[in-house]
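Colleague: My request is simple: use the sequences and hints to build the entire structure.
Which chain is which? The protein sequence lines are A and B, in order.
Heads up, the first sequence is in our numbering, so the first residue is 1 and it goes up one at a time.
Heads up, the second sequence is in our numbering, so the first residue is 1 and it goes up one at a time.
Mixed in with the good hints there might be a few duds.
What the hints assert, rightly or not - In silico DMTMM-like pairs for lysine to aspartate or glutamate, Cα to Cα no more than 20 Å straight-line:
#, chain 1, residue 1, chain 2, residue 2
1, A, K259, B, D140
2, A, K24, A, E72
3, A, K190, A, D176
4, B, K20, B, E196
5, A, K246, B, E51
6, B, K62, B, E36
7, B, K107, A, E57
8, B, K142, A, E41
9, A, K259, B, E92
10, A, K182, A, E163
11, B, K72, B, E34
12, B, K142, A, D176
13, A, K15, A, E108
14, A, K90, B, D50
15, B, K102, B, D50
16, A, K187, A, E218
17, A, K259, B, D169
18, B, K20, A, E141
19, A, K164, B, E92
20, B, K116, A, E157
21, B, K116, A, E163
22, B, K116, A, D31
23, B, K107, A, E218
24, A, K246, B, D140
25, B, K106, A, E118
26, A, K37, B, E196
27, B, K20, A, E72
28, B, K142, A, D255
29, A, K90, B, E51
30, B, K37, B, D50
31, A, K24, A, E180
Claimed, not checked - What the simulated footprint calls covered on chain B by chain A, stretch by stretch (three residues with Cβ under 8 Å from a Cβ of chain A suffice, anywhere in the stretch; the number is not a length):
#, stretch
32, 30–36
33, 40–49
34, 124–130
35, 147–159
36, 183–197
Worth flagging that the hints you see were computed from the coordinates, not collected in a lab.
Each residue gets a CB set at the ideal place from its N, CA and C atoms; glycine is no exception.
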Amino acid sequence: MLRPRIIPCLLLHDKGLVKTVKFKEGKYVGDPLNAVKIFNEKAVDELMFLDIDASVEGRGPDFELIKNLAMESNMPICYGGGVKSVEHAKRIISLGAEKVAISSAAVEDISIVSRMAEAVGSQSVVVVIDVKQRGLFNKLEVVTHNAKKSTGLHPVEFAIQCEKAGAGEIVINNVDEDGEMKGYNIKMLKEVRSATTIPMTALGGAGALSDISSVIKEVGNIGVAAGSLFVFKGKYKAVLINYPNKDEKSALLADAGWKL
Amino acid sequence: MIGIIDYGSGNVHAISNIYKKLNIPHVITADSNELEKASHLILPGVGAFDETMRVLNESGLKNFLNEMVLVKEKPIMGICVGMQLLAERSEEGMLAGFGWIKGQVKKFNPSKLTTKPYLPHLGWNTVSMQNNHAVFNNIDQKQGFYFLHSYYFECASKDDVLGITEYGDSFASAVNRQNIFGMQFHPEKSHQNGIELFRNFAKI
Numbered sequence: 001m002l003r004p005r006i007i008p009c010l011l012l013h014d015k016g017l018v019k020t021v022k023f024k025e026g027k028y029v030g031d032p033l034n035a036v037k038i039f040n041e042k043a044v045d046e047l048m049f050l051d052i053d054a055s056v057e058g059r060g061p062d063f064e065l066i067k068n069l070a071m072e073s074n075m076p077i078c079y080g081g082g083v084k085s086v087e088h089a090k091r092i093i094s095l096g097a098e099k100v101a102i103s104s105a106a107v108e109d110i111s112i113v114s115r116m117a118e119a120v121g122s123q124s125v126v127v128v129i130d131v132k133q134r135g136l137f138n139k140l141e142v143v144t145h146n147a148k149k150s151t152g153l154h155p156v157e158f159a160i161q162c163e164k165a166g167a168g169e170i171v172i173n174n175v176d177e178d179g180e181m182k183g184y185n186i187k188m189l190k191e192v193r194s195a196t197t198i199p200m201t202a203l204g205g206a207g208a209l210s211d212i213s214s215v216i217k218e219v220g221n222i223g224v225a226a227g228s229l230f231v232f233k234g235k236y237k238a239v240l241i242n243y244p245n246k247d248e249k250s251a252l253l254a255d256a257g258w259k260l
Numbered sequence: 001m002i003g004i005i006d007y008g009s010g011n012v013h014a015i016s017n018i019y020k021k022l023n024i025p026h027v028i029t030a031d032s033n034e035l036e037k038a039s040h041l042i043l044p045g046v047g048a049f050d051e052t053m054r055v056l057n058e059s060g061l062k063n064f065l066n067e068m069v070l071v072k073e074k075p076i077m078g079i080c081v082g083m084q085l086l087a088e089r090s091e092e093g094m095l096a097g098f099g100w101i102k103g104q105v106k107k108f109n110p111s112k113l114t115t116k117p118y119l120p121h122l123g124w125n126t127v128s129m130q131n132n133h134a135v136f137n138n139i140d141q142k143q144g145f146y147f148l149h150s151y152y153f154e155c156a157s158k159d160d161v162l163g164i165t166e167y168g169d170s171f172a173s174a175v176n177r178q179n180i181f182g183m184q185f186h187p188e189k190s191h192q193n194g195i196e197l198f199r200n201f202a203k204i
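Modeller: Listed below in structure tokens is the structure:
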């Protein structure tokens with residue numbers, strides 16, 4: 001039976017890994033290739049790499065790095081950051097990544113989702129939807145460029161558009177919870193799940209493995225991605241690349257009502 | 001020596017990296033002279049059926065592989081789309097497949113899936129092995145393998161089904177007829193299970 005995925009989401013900045021809080025203050029966490037080797041040992045479900053500078057700096061993906069990460073990794077990789085064209089997507093897939101993630105490119109022109117899906121297959125096209133609560137009534141809104149730009153789009157409506165356009169997966173990334181380690185925004189995730197049918201992944205807010213089981217229990221079979229949880233340890237956030245072992249994973253899934 | 005067919009589709013470097021760590025000689029190439037010297041062949045593949053088949057047709061690899069596989073009987077393993085190419089045809093495209101294993105490739109029917117998500121079939125799922133084939137020695141059944149696809153192989157004969165996976169209904173996640181093997185999942189991205197599979201395949 002298909003089981004929920006637990007996914008470290010690693011942020012790339014200046015060729016190194018960093019971790020942010022509310023999309024600000026990146027703390028250096030280590031070397032990406034080294035992280036891949038460690039996660040290989042831990043039999044991690046999937047890895048997500050997001051280059052947080054690329055769109056803001058107006059540059060494309062780091063192809064050399066992608067090639068090295070994909071070659072070394074014994075688990076599937078999703079790569080995002082600065083992906084703006086079908087050519088980018090084709091190249092990233094040909095270098096060995098399983099999936100390509102786009103964010104601002106899909107907001108700017110939703111047709112790019114369809115064009116990428118045609119070129120590399122729907123299953124390899126992921127749209128990352130960054131969500132923030134804004135305004136007097138804390139209305140949910142899709143944002144881009146490290147949460148610096150508003151789009152006026154509602155995440156549920158945008159998620160539906162992405163599915164219609166041929167995306168293979170959507171990642172709902174909660175900016176407000178980023179780095180806070182206080183739990184996922186389950187209400188929002190449930191709304192998106194009701195409105196869509198393609199694979200979905202939650203990102204933003206995990207503080208403990210129990211947060212992950214809660215999301216799975218409440219929302220269903222989704223991917224659950226986390227940054228801080230898998231790179232920090234303890235109250236003072238010491239850097240330590242970690243991931244639940246086999247028993248911890250079984251326990252986590254059992255807590256979520258999932259029988260392996 | 002393992003010949004990893006490099007025709008522009010599929011993660012050849014990840015497969016090569018695994019064989020490098022296993023200390024098993026291998027080569028990544030599309031050159032038929034080199035592939036002829038290989039004892040085993042691996043046909044990776046991602047993307048669409050027609051795109052992939054077209055490259056094989058136009059490069060002459062289709063005819064070459066027909067000879068290597070049907071006449072010289074070299075063991076060959078097709079991965080993901082590479083497995084689907086072993087079929088006669090696919091709902092996804094217009095071109096004919098190799099036809100080495102009778103059957104056709106069809107799209108999953110979402111109405112058979114009771115809980116979301118529906119398509120693509122994405123993530124870790126288990127494979128129930130149908131006969132004690134050595135290619136599945138030392139596989140951790142509970143861990144399973146990583147899948148990423150929307151189409152599956154419908155075998156004409158049950159005898160060709162090597163592994164079964166549940167997704168809505170059950171489907172053939174691995175196929176085998178004599179020297180010909182197909183794996184729908186990605187062994188090159190399935191940790192230790194994939195490594196064991198590649199190791200076992202090299203011994204066939």
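Colleague: Would you mind marking each hint as holding or not holding in the structure?
Modeller: Comparing the hints with the structure gives:
For the suggested pair K259/A and D140/B, the alpha carbons sit about 17 Å apart, so the restraint of at most 20 Å is met. For the suggested pair K24/A and E72/A, the alpha carbons sit about 30 Å apart, so the restraint of at most 20 Å is broken. Our distance criterion of 20 Å between C-alpha atoms is met by K190/A and D176/A, whose separation comes to about 17 Å. Distance restraint check for K20/B and E196/B: the Cα-Cα separation of roughly 14 Å lies within the 20 Å cut-off, and the hinted pair is therefore satisfied.
With a C-alpha separation of about 39 Å, the suggested pairing of K246/A with E51/B is violated against the 20 Å cut-off. Taken as a hint, the K62/B and E36/B pair is honoured in the structure, with Cα atoms around 13 Å apart against an allowance of 20 Å. A hinted pair counts as satisfied when its Cα atoms are at most 20 Å apart, and K107/B with E57/A does not qualify at roughly 41 Å. For the hint pairing K142/B with E41/A, the CA-to-CA distance comes to about 17 Å; that is within 20 Å, so the pair holds.
Under the criterion of a C-alpha separation no larger than 20 Å, the hint pairing K259/A with E92/B is inconsistent with the structure, at around 34 Å. The hinted pair formed by K182/A and E163/A fails the criterion: a straight-line CA distance of about 29 Å is larger than 20 Å. With a C-alpha separation of about 15 Å, the suggested pairing of K72/B with E34/B holds against the 20 Å cut-off. Taking the CA atoms of K142/B and D176/A, the gap is about 36 Å. The hint is violated against a cut of 20 Å.
Annotation: proposed proximity of K15/A to E108/A is violated, straight-line Cα distance about 26 Å (limit 20 Å). The straight-line distance between the Cα atoms of K90/A and D50/B is roughly 16 Å, inside the 20 Å bound, and the hint therefore holds. For the hint pairing K102/B with D50/B, the CA-to-CA distance comes to about 18 Å; that is within 20 Å, so the pair holds. At roughly 9 Å between alpha-carbon atoms, K187/A and E218/A fall within 20 Å of each other, so this suggested pair holds.
With a CA separation close to 19 Å, the supplied pair K259/A and D169/B stays within the 20 Å bound. A threshold of 20 Å between alpha carbons decides the hint, and for K20/B with E141/A the separation of about 48 Å lies outside it, so the pair is violated. Restraint check for K164/A and E92/B: satisfied, since their Cα atoms lie roughly 19 Å apart, inside the 20 Å limit. Annotation: proposed proximity of K116/B to E157/A holds, straight-line Cα distance about 18 Å (limit 20 Å).
The straight-line distance between the Cα atoms of K116/B and E163/A is roughly 13 Å, inside the 20 Å bound, and the hint therefore holds. The straight-line distance between the Cα atoms of K116/B and D31/A is roughly 36 Å, outside the 20 Å bound, and the hint therefore fails. For the given pair, K107/B sits about 29 Å from E218/A by alpha-carbon distance, which is inconsistent with the 20 Å threshold. Pair hint K246/A plus D140/B holds up; C-alpha atoms about 12 Å apart against a cutoff of 20 Å.
Our distance criterion of 20 Å between C-alpha atoms is met by K106/B and E118/A, whose separation comes to about 18 Å. For the hint linking K37/A to E196/B, the alpha-carbon distance of about 18 Å falls within 20 Å, and the restraint holds. A C-alpha spacing of about 11 Å is found between K20/B and E72/A, which places the hinted pair at or below 20 Å, so the restraint holds. Only pairs whose Cα atoms come within 20 Å are accepted, and K142/B paired with D255/A is accepted, the gap being roughly 18 Å.
Straight-line distance between C-alpha atoms of K90/A and E51/B comes to about 13 Å, which keeps the hinted pair within the 20 Å bound. Our distance criterion of 20 Å between C-alpha atoms is broken by K37/B and D50/B, whose separation comes to about 28 Å. For the given pair, K24/A sits about 12 Å from E180/A by alpha-carbon distance, which is consistent with the 20 Å threshold. Under a criterion of three residues with beta carbons nearer than 8 Å to beta carbons of chain A, the stated coverage of the stretch 30–36 of chain B fails, only 0 such residues being counted.
Counting residues of the stretch 40–49 of chain B whose beta-carbon sits less than 8 Å from any beta-carbon of chain A gives 3, enough to reach three: the coverage restraint holds. For the stretch 124–130 of chain B, the assignment as covered by chain A holds, since 3 residues bring a beta-carbon within under 8 Å of that chain's beta-carbons and 3 suffice. Using a Cβ-Cβ cut-off of 8 Å, 4 residues of the stretch 147–159 of chain B lie near chain A, which meets the minimum of three, so the contact claim holds. Figure legend: the stretch 183–197 of chain B, annotated as covered by chain A; annotation consistent (8 residues with Cβ-Cβ distances under 8 Å, at least 3 required).
In summary, the structure is inconsistent with hints 2, 5, 7, 9, 10, 12, 13, 18, 22, 23, 30 and 32 from the numbered list given earlier, while agreeing with the others.
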